[in-house]
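Asker: For reference, the chains in residue letters:
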Amino acid sequence: MSGHASVEQLSRYLDEELAARERSAVEVHLGDCASCRERLVGLRRVVGELERLQEQAPPRQLGALVRRRLQQKRPPGSLVARLEERVRRVPVTPPLLPLFGVLLALAIALYLLALAAARWESSGPGQQRPAPPSAETAPAEPPAAGWRRLAGRDFRRSGDVWLERGVGPQESAERVEWLSPDLAAELAELSDLDGPVRLRLHGRLVEIDPDRLAPAR
Amino acid sequence: MPSVESATLGSEDLDLVTRHRYGDEQAFEELYGRYEPLVYNLALRMTGDRDHAADLAQEAFLRIHGNLASYRGRSSLKTWVFQVALNCFRSRLRRRGWRRRAVEPEEPLERLADARRDPESRLLAKDAGERVQAALALLPVPFREAVVLRDLQGLSYREIARICKVRIGTVRSRLARGRERLRQLLEGAE
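Residue numbers (the working numbering), protein chains in the order written: chain A, 1 to 217; chain B, 218 to 407.
Check before you lean on any hint, since a few could be wrong.
Examples of chain A residues toward chain B, derived with CB under 8 Å [stated by the list, open to error]:
1. H4
2. E17
3. A19
4. E22
5. L43
6. E49
7. E51
8. D192
9. P196
Simulated crosslink set (SDA-like; lysine to any residue; CA at most 20 Å straight-line) [claimed, not checked]:
10. K73(A) to E276(B)
11. K73(A) to Y239(B)
12. K73(A) to A271(B)
13. K382(B) to S287(B)
14. K73(A) to E246(B)
15. K382(B) to E189(A)
16. K382(B) to R156(A)
17. K382(B) to K73(A)
18. K382(B) to P196(A)
19. K73(A) to R238(B)
20. K73(A) to H282(B)
In silico negatives: residues of chain A with every beta carbon more than 12 Å from chain B [claimed, not checked]:
21. R23
22. S24
23. G42
24. F100
25. E121
26. V167
27. V176
28. V206
To be clear, the hints were calculated from the coordinates, so they are not data collected in a lab.
Beta carbons are placed, not taken as given, at the ideal position from N, Cα and C, and that holds for glycine.
All chains should be built: construct the whole structure from the sequences, respecting the hints.
Answerer: This is how it looks when you write it as structure tokens:
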């Protein structure tokens with residue numbers, strides 16, 4: 001071993017993370033070098049002091065605060081998910097069931113009527129009927145295996161980056177280091193993705209690193 | 218030191234997650250009971266402040282509750298929980314007003330050595346634990362994360378790499394540099 005042992009070698013030596021050969025070389029060097037021995041003792045003392053830091057008990061009211069905030073929080077997800085959650089929480093007693101059925105039938109009828117009216121409007125006289133959806137224009141399926149849905153968008157990993165649905169791996173993206181607070185809040189969920197993310201923002205294809213986005217000053 | 222990953226990547230954790238997915242409120246209660254001290258202490262060591270730590274732990278558990286259904290079991294639940302908590306911490310660092318108190322690591326070493334300068338420094342000289350905590354708070358965040366996860370939470374290099382989303386080589390380097398800086402800080406304060 002030439003020269004002194006590096007701090008990284010000494011630190012890994014303490015953790016028994018060195019391979020046998022490197023470990024032997026460090027041990028031989030430590031036998032000859034008072035300066036490295038002294039440094040190792042210092043590092044060992046630091047680790048010892050850290051390990052002696054006692055675990056602190058959380059404040060007693062912490063659990064109650066978390067529960068209260070969970071109750072206040074709106075159920076996550078889409079409007080449909082929130083409505084489902086509300087409906088699920090409404091106690092439905094037997095006498096209410098027929099009424100609920102009638103209301104549901106009415107809601108479905110209204111929805112179908114609205115749908116028919118919208119179609120009639122869009123395909124009125126002189127207007128061309130929209131082409132039937134092709135495989136490319138069909139609405140996006142719910143995320144399949146390998147896709148993650150965050151901030152209302154679908155992403156899949158391609159190499160080291162995450163690509164939004166519709167973004168090709170070869171497309172060049174503009175790297176963005178700063179987002180407005182509103183946009184940063186809207187995309188906050190992306191911090192669950194490990195690595196850079198390419199997505200379309202206001203018509204531009206951009207690449208962001210969710211963990212490194214600078215806050216608005 | 219036992220690997221936390223191997224200890225916790227069990228069916229119990231996956232069972233908790235499955236129950237939570239199916240709307241069993243008790244599942245989150247059990248998870249909370251199991252991870253509350255760990256998350257609070259991680260937050261405390263990262264922030265160096267009890268109020269901030271309680272606040273951060275609350276936010277972490279809200280996020281855990283909201284995202285638990287998406288946990289796929291690729292890493293241990295503990296690793297995932299720590300990852301969420303540290304993401305909350307980093308998000309908070311980006312907000313104004315929190316940064317100054319929770320971190321500003323690049324302070325001169327003499328600050329620790331000079332016990333007369335402010336009350337915080339006086340505390341350092343009084344109690345070994347306070348001294349170590351104060352020195353920890355002076356580490357740059359990436360070094361602090363590595364040191365806290367390894368030396369206080371007992372995670373393996375691989376688990377730390379997964380939580381911090383870096384290579385193992387980076388973990389080795391950050392841990393070594395963090396420990397070395399702590400050594401200088403603590404020796405300078407004596």
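Asker: Which hints, by number, does the structure contradict?
Answerer: 1, 3, 4, 9, 17 and 23
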